[in-house]
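In the numbering used here, the protein residues as written are 1 to 273.
Heads up, some of the hints might be wrong.
[Claimed, not checked] List of simulated lysine-lysine pairs, DSS-like, C-alpha gap at most 25 Å: (1) Lys179 with Lys214; (2) Lys214 with Lys229; (3) Lys180 with Lys198; (4) Lys198 with Lys179.
[As the list claims (entries may be wrong)] Restraint ranges, calculated between C-beta atoms of paired labels, are given here: (5) Gly178 with Asp9: 19 to 25 Å; (6) Cys255 with Pro234: 45 to 51 Å; (7) Glu197 with Arg100: 33 to 39 Å; (8) Arg100 with Asp184: 26 to 32 Å; (9) Asp41 with Glu94: 34 to 40 Å; (10) Lys180 with Glu267: 49 to 55 Å; (11) Val148 with Asp272: 21 to 27 Å; (12) Lys214 with Met153: 23 to 29 Å; (13) Lys87 with Thr13: 54 to 60 Å; (14) Arg164 with Ala236: 18 to 24 Å; (15) Asp9 with Pro234: 15 to 21 Å; (16) Gly167 with Leu84: 31 to 37 Å; (17) Leu84 with Glu203: 28 to 34 Å; (18) Glu94 with Glu267: 26 to 32 Å.
Honestly, the hints are just simulated from the structure, not real lab data. Ideal placement from N, C-alpha and C gives every residue a C-beta, glycine not left out.
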Amino acid sequence: MSDYGVRLDYTGTGEHIGLVTLDRPDKRNAFDEAMWASLEDTIERIKQRLPRAVVVTGAGDRAFSAGFDISPENPQVTRLITALGEKDRKPIEELIYRIRYAADGLVGLPVPVIAAVNGLAYGGGAELAVRCDMRVMDADAVISFSEVRLGLMPDWGGGVALSRLVGRARAAEMILTGKKVSADEALAMGLVNRVTEKGRAIEEALEIAESITKNGPRAVREALSVIRKTPDMPMAEALDFESERAVALIESGECVEGIGAFLGKREPEFKDG
């Protein structure tokens with residue numbers, strides 16, 4: 001299924017993988033106003049037909065995403081410039097929060113979200129990638145938090161996510177210098193999970209997603225909720241949260257199929273739910 005700037009396809013065994021393609025290759029998959037609307041619509045469609053994993057990538061072989069489209073053709077840019085001239089804070093706030101909430105919606109889906117970084121990921125594109133649960137990166141791809149070069153700063157939630165992912169010192173270096181980070185450097189600092197041969201990031205991300213879809217979907221969602229929510233909790237609170245989710249998972253009965261399959265020496269056939 002296709003919309004302006006964003007394409008949604010279901011793929012993999014049983015079509016349990018949602019493949020979201022940022023699809024403006026002529027603009028290096030940068031987001032303009034219409035593309036944000038398309039992403040928001042795509043998120044709603046994913047919620048209505050929830051897959052077991054989501055892979056996000058960019059169309060073409062040049063870019064994952066160049067982030068925010070700052071060309072004059074983007075109405076958001078025109079409104080931003082007008083607001084600055086009139087010293088009107090409200091349109092600026094509306095733009096920042098609209099973008100942030102759309103990014104929240106994608107990476108906050110209750111299933112694993114994997115970024116296949118198949119080319120440059122600059123600015124907001126880098127932010128979107130680091131906010132995903134996992135990242136696979138082509139060997140020749142580049143990540144850059146380039147906002148400071150334009151007198152801007154991360155505002156898609158990526159600055160916070162990067163600090164928690166690689167630590168304050170490395171995040172400070174990347175964000176405050178706007179440096180370009182290669183795939184090998186990204187792997188060494190724990191910024192990405194895997195580096196692939198050129199052109200294979202999407203394929204490898206789909207392979208990871210496929211392996212996830214074979215597991216209990218409730219188990220995956222509950223485990224993911226613990227991974228996402230507990231890093232900043234006090235240890236005792238985090239342990240209690242994990243125990244609560246484990247009890248709820250067992251109560252769902254999904255393990256009946258998993259344990260039965262194990263004892264019967266067969267592959268489990270988990271149902272969605």
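Taking the hints in turn, this is what the structure says about them:
| no. | hint | verdict |
| --- | --- | --- |
| 1 | Lys179 with Lys214 | violated, 39 Å |
| 2 | Lys214 with Lys229 | holds, 24 Å |
| 3 | Lys180 with Lys198 | holds, 18 Å |
| 4 | Lys198 with Lys179 | holds, 21 Å |
| 5 | Gly178 with Asp9: 19 to 25 Å | violated, 34 Å |
| 6 | Cys255 with Pro234: 45 to 51 Å | violated, 29 Å |
| 7 | Glu197 with Arg100: 33 to 39 Å | holds, 34 Å |
| 8 | Arg100 with Asp184: 26 to 32 Å | holds, 31 Å |
| 9 | Asp41 with Glu94: 34 to 40 Å | violated, 19 Å |
| 10 | Lys180 with Glu267: 49 to 55 Å | violated, 44 Å |
| 11 | Val148 with Asp272: 21 to 27 Å | violated, 44 Å |
| 12 | Lys214 with Met153: 23 to 29 Å | violated, 41 Å |
| 13 | Lys87 with Thr13: 54 to 60 Å | holds, 56 Å |
| 14 | Arg164 with Ala236: 18 to 24 Å | holds, 20 Å |
| 15 | Asp9 with Pro234: 15 to 21 Å | violated, 42 Å |
| 16 | Gly167 with Leu84: 31 to 37 Å | holds, 34 Å |
| 17 | Leu84 with Glu203: 28 to 34 Å | violated, 44 Å |
| 18 | Glu94 with Glu267: 26 to 32 Å | violated, 50 Å |
Comparing the model with each earlier hint shows violations of hints 1, 5, 6, 9, 10, 11, 12, 15, 17, 18; every other hint is respected.
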